[in-house]
Structure formats: C-alpha cells, structure tokens
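Quick note, the sequences are listed as chains A and B, same order. Going letter by letter, the first sequence gives residues 43 to 446 in the numbering used here. Going letter by letter, the second sequence gives residues 43 to 446 in the numbering used here.
If you're looking for bench data, these hints aren't it; they were derived computationally from the structure. Check the hints yourself; a few may be wrong.
[What the hints assert, rightly or not] Listed next, the in silico DMTMM-like pairs over lysine to aspartate or glutamate satisfying Cα-Cα at most 20 Å (straight line):
| no. | chain 1 | residue 1 | chain 2 | residue 2 |
| --- | --- | --- | --- | --- |
| 1 | B | Lys-292 | A | Glu-233 |
| 2 | B | Lys-57 | A | Glu-149 |
| 3 | B | Lys-297 | A | Glu-126 |
| 4 | A | Lys-292 | B | Glu-215 |
| 5 | B | Lys-120 | A | Glu-54 |
| 6 | B | Lys-380 | B | Asp-283 |
| 7 | A | Lys-120 | B | Glu-149 |
| 8 | A | Lys-287 | B | Glu-149 |
| 9 | A | Lys-130 | B | Asp-151 |
| 10 | A | Lys-130 | B | Glu-207 |
| 11 | B | Lys-130 | A | Asp-425 |
| 12 | B | Lys-163 | B | Glu-207 |
| 13 | A | Lys-329 | A | Glu-233 |
| 14 | A | Lys-297 | B | Asp-55 |
| 15 | A | Lys-120 | B | Glu-446 |
| 16 | A | Lys-130 | B | Glu-126 |
| 17 | B | Lys-130 | A | Glu-126 |
| 18 | A | Lys-292 | B | Glu-149 |
| 19 | B | Lys-287 | A | Asp-49 |
| 20 | B | Lys-297 | A | Asp-151 |
| 21 | A | Lys-57 | B | Asp-49 |
| 22 | B | Lys-120 | A | Asp-49 |
| 23 | B | Lys-130 | A | Asp-151 |
[Stated by the list, open to error] Chain B is faced by these chain A residues, among others (derived, beta-carbon under 10 Å):
| no. | residue |
| --- | --- |
| 24 | Ser-74 |
| 25 | Lys-287 |
| 26 | Ala-288 |
| 27 | Tyr-290 |
| 28 | Leu-291 |
| 29 | Leu-298 |
| 30 | Thr-302 |
| 31 | Gln-367 |
This one's a predicted model, so the numbers in the text were calculated from it and none came from an experiment. Each residue gets a CB set at the ideal place from its N, CA and C atoms; glycine is no exception.
2 protein chains.
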Amino acid sequence: MPSLLDDPNLPEDAKSRARHVLEGCKGGSLGSYSDSAGIEIIRRHVAEYIERRDGFPSCWENIVLCAGASEGIRGTMKLMINHENGVKPGVMIPIPQYPLYSATIAEFDLHQIGYYLDESKNWSLDLAELKRAYDDAKSVCTPKALCVINPGNPTGNVLTRENIEGIIKFAHERNLFLFADEVYQDNVYAEGSKFHSFKKVLMEMGEPYNKMELASFMSCSKGYMGECGLRGGYAEIINLDPAVKAMYLKSISAKLCPTTLGQAVMECVVNPPKEGEPSYESFMKEKQGVLSSLATRAKMVADTFNSVPGMSCNIVQGAMYAFPQITLPEKAIEAAKKEGQAADVFYAFQLLENTGICIVPGSGFGQRPGTYHFRTTILPQPDKLKVMLEKFREFHSNFLKLYE
Amino acid sequence: MPSLLDDPNLPEDAKSRARHVLEGCKGGSLGSYSDSAGIEIIRRHVAEYIERRDGFPSCWENIVLCAGASEGIRGTMKLMINHENGVKPGVMIPIPQYPLYSATIAEFDLHQIGYYLDESKNWSLDLAELKRAYDDAKSVCTPKALCVINPGNPTGNVLTRENIEGIIKFAHERNLFLFADEVYQDNVYAEGSKFHSFKKVLMEMGEPYNKMELASFMSCSKGYMGECGLRGGYAEIINLDPAVKAMYLKSISAKLCPTTLGQAVMECVVNPPKEGEPSYESFMKEKQGVLSSLATRAKMVADTFNSVPGMSCNIVQGAMYAFPQITLPEKAIEAAKKEGQAADVFYAFQLLENTGICIVPGSGFGQRPGTYHFRTTILPQPDKLKVMLEKFREFHSNFLKLYE
C-alpha cells in the first residue's frame, strides 16, 4: 500500500508535519510506545505554542501530554491525596462545576470545597465567596488546591484579567496549588471578552506570584477542533518541587503512554498551518467558520431563553454551554417530590419525554439551594437549534400552565 | 480530500470493516466520544471473538474496551479498594511480576501478597506456594483478588490446563476475584504448550466455578500486532454483582471514553480477515511470519543464555521475554553494595555501559532473596539478536573474570 506521505493530492505542509511527528516516534511509527510524558517533539511544540500565546517562556519538560485533559487533571489531582494526621486534603471547585471534579475528588477521597459562582454577575468568580468557602472548610480539611474553569463549563463565563489576578492573590496567600482548566481557550465569543491564561497573568504579576505552583490544561476535544474521541490533551505544570515532579512522572509511567494518535492531534492544534503554507487558507476558513458559527449560536441560545417567561440566562461569553435558571411552580416541585426526583431532574425528564430534547439538570453540576438550572450546549447547527429552541419554549409554556 | 474508503487500491474487506466501525460511531466519525465502555459494534465483535476462542457464550455487555490492558486492569482493581474496619484488601500477584501490578497496588493503598513462581518447574504456578502466601497474609489484610499472568511476563511460562484448574479451585475456596492477564494469548511458541483461557477452563469446570467473578484482559500491544502506542485493549468481566457493575461503569465514565482509534485497532484484532476475503492471505502471511520468527527467537535466546557458564534460563514457552538467572560472584555483590546498588542493578549498569545492551534487573519484577535475574525481550530481529547475544556472552565472561 502506497504511503499517504507520498500522495500528491495532500498538501506539502501536512505531509511535512506528519513526517516530523513520525521522526519523533520510536521506529518511526505511531504504533510504538512513546515516553510516558509524550513524544518530545510534540511537547516542544506545545511549549512554543504557549510561548506564542502568553509571551513568556515555557519549558518543554513542564509539558505532559495526556489522553484528553480529563486524564491530565486526574493525574495531577492525585498529587493532593496525602492525608496528614488523618485530615483530608481539600480541593476548591466552582459550583456549578464540571462533574469530572466532584467525581475525582470523591474517588481520591479528598474533601470538596465548593465555592458558588456569582450568577448575578454573569457567573463570575466572587472573591468574598471564595474566602467564605475556604474559611468554612478550614476546620474539616486542609485546603490544598483551587480549581478554576475558564472559560466556564457549564456557565459560559469568561474571567476578566482583574478577576484572575484576585484569584491568584487569594491562592498565593493560602499556598494553594492552582488548577486552571483552560480547555475552552479558543471558545470566546462575547464582545469585550478575552481569554487570559492563568500562566500569563501570573507571570505578568511577577514575584512572588510567578513562583506559584500552577497546572494548566488544554485539550483537542473543544475549541474549533472537537476531536474528542481521539483523546488528546496536555498539562503544563510549573514551579513544581523537583522531587514531587519526579514522583509525578513515575506515577504516570504506570500508564505507559497516552495514545500516540491523540498526541499527534495535539501537535496539529499547537502547530497549525502558518501563513503562506498550502493548508493555511482552508484551515483558517474552517476554523473561523466554526468559531463564528458558535458565536452566533451562543447569542441565539441565550436570547431565546431570556425571551421565555420564567427563564433567565446569562450571556454565553465562551465555552460551549448555556446554564439558564428556571423558575419552577410550587406544584411542579411537589409533583417531583412525589416521583422522588429533584425538581430540575423532573423537569428534564418531562422535557425529554414530551419533546425528545435532552438537557442536563443543574443538580448534576451544583447550584444554590432552592434554585433550578439546566445545562444545554450551543453545538447543534443553527437550523436545528432554532427548531429545538422553539419546541423547548412551547414545552415550557405548557409545563407552566400544567403546574400553575 | 478523497476518502480512503473510496480508494480502489485498498482491499474491499478492509474498507467494509472500516465502514462498519464508522457506522457505529456517533456522527459516523472516530472524532466523537464513544460510550465509556466502548463502541457497541466492537464490543459485540470482541464477544464473538471470545466465543470462537472458547466455545462458550460471551455477552457483549460484559466487554469493556480500554486504552490498553493496563487501563482495564487498573480500572478493575479499583473495585478492590474498600478498606473494611481499617484492614487493607489484599491482592495476590506472582513474583516475578509485571510492575504494573505492584505500582497499582501501591497507588490504591492495597496490600500486595506475592506468591513465588516455581523457577525449577519452568516458572509454573505452585499451589502449595499460593496457599503459603495466602495463609501468611491473612492476618495483615483481607485477601480479595488473585492475579495471574498467562502467558507469563517476565517469565515466559505458559500455564497448563491442569495448573489453571488448580488455581480456579484455590480462588473459589477463598472467594477471590480472579484477574487473568492474557495479553500474550497469541504468543505461544514451545512444542506442547497451548493457551487456555481462564474463562474457558472455568466454564468447562461447570458449577460452582462458572459462577465465579473473573476479569480477563487482552491488548493490541502484544501478539503479532504490537500496536502499543495506539492504546487498545478490552476487559471481559463475568459474574459481577449487578450493583457493583453499575458502579464500575459509573467509575469509568469519569474518563469519558477510551481512544476511539485504539478501539478500532481492537476491532481489527478480534475481527481479522476471513478465508476468502481479499486481505486474508497477506494478513495470514504477516501474522504467521511474525509469530514463527518470534518462536525462533524465543528458542535462540534461551539456548544462548543456557550455554553461558553461570547463567540458566527456562524455556520461553510464550510471551516476549526471557528471565534468566545469573550467579553473581561474591566480589561483584560486594562491589554493588559499595555503589549502593542491588547486585543485579549493578550488573545491568555494567552491561549497559560496556556494551550498550539494556536489560531490566530482576529486582524490578521481584525474585527470591539471594537470587539474581534479568529480563530481556525476544523482540529484536534475529540478526541483531545474534550480535547482541554474542556481545552479552563476552561481557558476562569478562565480568566473571573481573570479580572472581
């Protein structure tokens, strides 16, 4: 079988990129194991990507490739599991959160410290609430880490630079290890919103903040790529104590290596076609097409939910989700109780059964007691989304009438 | 870009297999997430493969695809972590063992119960020693699981059917969960040796044994395939309590899904070209070529080591390794002590520095105190292997002279 690397129909830059990756593989094949931290040439390209993004040096030896960001987050959170004197280590996570965090905290027998995001301020991060959560938890655990998801899942919030600075100062004062889940860094839509990486802000703040322990995560499953089944991701971990880092690398080596194909996909993400290269135009066209369509859909989803009586939805500044609040009638809450369901779960099942539309109830992500939300994605194509939103609006109006 | 599925140069059966897998993927693309337990059509084909192999039914819902067997083993061993009344659960593993087991046991805070394999009987499993290890450990842990690697890594042993029956009875009497690491099931070389799956033997034994909990693991990284970087594997888990199974499936869902490409590679392993199909001949030729060459190399390696004074090596019946014993002179052991190294580690470093040959010292796998071994693979091509073995023999002779 002739090699695709010799196919004249394929653009030269794509073939050259593929050759480069293969040269970095043992035996010149993706079929061989790579180093547990990933293929060196790809780790180097990740570091260069981060340097271009932030304007600060990134060391390739701080880059660990992983089978999706989830694996990177789990592997790094494992560093927190040491129970000192029987006291559980505590990990601060936003509420609402992406359930990977609560599941991993439970699995590793850590203590979950939830801090509520401020729905009234577009789900931004309230420092007073961060302090409240920390102080409340101090007596039952040893807080060790602070996780931030930016852009937010499921909230769609994009943190301002000022907000990030406050978070970094908060973490520094309390010696917290920072987890920056930045997998949606390409997904920023709202005017005036901009992605600021934690690494960049921390470096710009200078001493003593630029000496803090920080792990930042990226994925090929989000952005404009969406190659989630291929499992590619990276973690950049900075300022780790060398002895801890050695143990960390040892702990991931039991997994042998992340999928080499997932690694190769990350290569494509961090080293995309450059201006002047044969693939550049078609790549940019597709990338911008996807992102601008997502931006349209983000606005469409929030606007529609806001036009429905009894629903309110923050602006979807980024990521891929809306997390609207719904006001549920007392009678619906009672009906849910009778079914032994949370009211938002009851609502979600009614919606599914009546319309075929699937949403995730807010209780799966966490929400302030007595409030009800759901998560929906902005991913369906605009025409499908329009039909879906109309059906949804009709269902909601009927639901309200039924339980008035 | 034209699809490879339309390429007239590719055999029809390969394209049809690819189409089938893609039809089983969401959106017809490997880029999408699959179910956490894997793509249904591939799980069904795995079950059919096991049925053909064993002659007993296999239920596709008992099949979990995973990113290499290692991930499957780790995920299943997690079921053992419940500490009752502060007593650690114990997991029985062979000594020598593949270090994935000791690492996972340490990571999950389980108690390792090592049972020595019988070097004098070609590294087979001695039931009296199994009992000795179990009885010794009972007072410090609650033994919950028994792991067997067959064909053996690093030993190269292939268990006889009789031996497996004894192991199953042993496990049944003590209500142990059986882990059958069968990733080398295609790698059996020695005359008279045959692979018997634990599932098959357990089913043939009938009641009450066929109701035992058993997890069996397979991989695309070994056999004649060797596609280790692509991370494909499966676990077949039978007779699991339904509530435990539900929790197990929930626990793997936090990882989203194993790499879809690794899953597709497993499809190729369990559903290879059939007689009469266009790819059949070239497939069989390559498969048989690889396996018969490995058989030649297995014999060559053992014979060579046995011809070296001070070395003895069991027959490599299967898998991909030899684990010869070396007699080290007292003076070498003392020299190692001075360097702060185990004697076999010292030997391995001397070998590496003097010849460039890399072996893994036996202490990495475990061995009876006072004995020294190393693991080497049979993987290099015969001509390279020959050169390597000659260099090795020369080094060993010089080493003995130096420390006589």
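Structure-based check of each hint:
1. B:Lys-292 to A:Glu-233: violated (39 Å)
2. B:Lys-57 to A:Glu-149: Cα-Cα ~42 Å, so violated.
3. B:Lys-297 to A:Glu-126: The given pair, whose Cα atoms are some 28 Å apart, is violated under the 20 Å limit.
4. A:Lys-292 to B:Glu-215: Judged against 20 Å, a Cα distance of about 37 Å means the pair is violated.
5. B:Lys-120 to A:Glu-54: Roughly 47 Å between the alpha carbons, so the hint for Lys-120 of chain B and Glu-54 of chain A is violated.
6. B:Lys-380 to B:Asp-283: The hint is violated at about 54 Å.
7. A:Lys-120 to B:Glu-149: This hinted pair holds, its Cα atoms lying about 10 Å apart.
8. A:Lys-287 to B:Glu-149: Holds, at about 16 Å.
9. A:Lys-130 to B:Asp-151: holds (16 Å)
10. A:Lys-130 to B:Glu-207: violated (44 Å)
11. B:Lys-130 to A:Asp-425: Judged against 20 Å, a Cα distance of about 57 Å means the pair is violated.
12. B:Lys-163 to B:Glu-207: holds (17 Å)
13. A:Lys-329 to A:Glu-233: The given pair, whose Cα atoms are some 19 Å apart, holds under the 20 Å limit.
14. A:Lys-297 to B:Asp-55: violated (33 Å)
15. A:Lys-120 to B:Glu-446: violated (48 Å)
16. A:Lys-130 to B:Glu-126: holds (19 Å)
17. B:Lys-130 to A:Glu-126: holds (19 Å)
18. A:Lys-292 to B:Glu-149: holds (11 Å)
19. B:Lys-287 to A:Asp-49: Judged against 20 Å, a Cα distance of about 47 Å means the pair is violated.
20. B:Lys-297 to A:Asp-151: Status holds; Cα separation ~17 Å.
21. A:Lys-57 to B:Asp-49: holds (19 Å)
22. B:Lys-120 to A:Asp-49: Distance ~46 Å between Lys-120 of chain B and Asp-49 of chain A Cα, so the pair is violated.
23. B:Lys-130 to A:Asp-151: Status holds; Cα separation ~15 Å.
24. Ser-74: Hint holds; Ser-74 of chain A Cβ to chain B Cβ min 5 Å, cut 10 Å.
25. Lys-287: violated (17 Å)
26. Ala-288: The hint is violated - Ala-288 of chain A has no Cβ within 10 Å of chain B, the shortest such distance being about 15 Å.
27. Tyr-290: Because about 12 Å separates Tyr-290 of chain A from the closest Cβ in chain B, which is outside the 10 Å limit, the hint is violated.
28. Leu-291: With a closest approach of 13 Å, the Leu-291 of chain A hint is violated.
29. Leu-298: Leu-298 of chain A check passes; min Cβ-Cβ to chain B is 6 Å, inside 10 Å.
30. Thr-302: Given a least distance of 4 Å, the restraint on Thr-302 of chain A holds.
31. Gln-367: Cβ of Gln-367 of chain A sits 27 Å from chain B, so the hint is violated.
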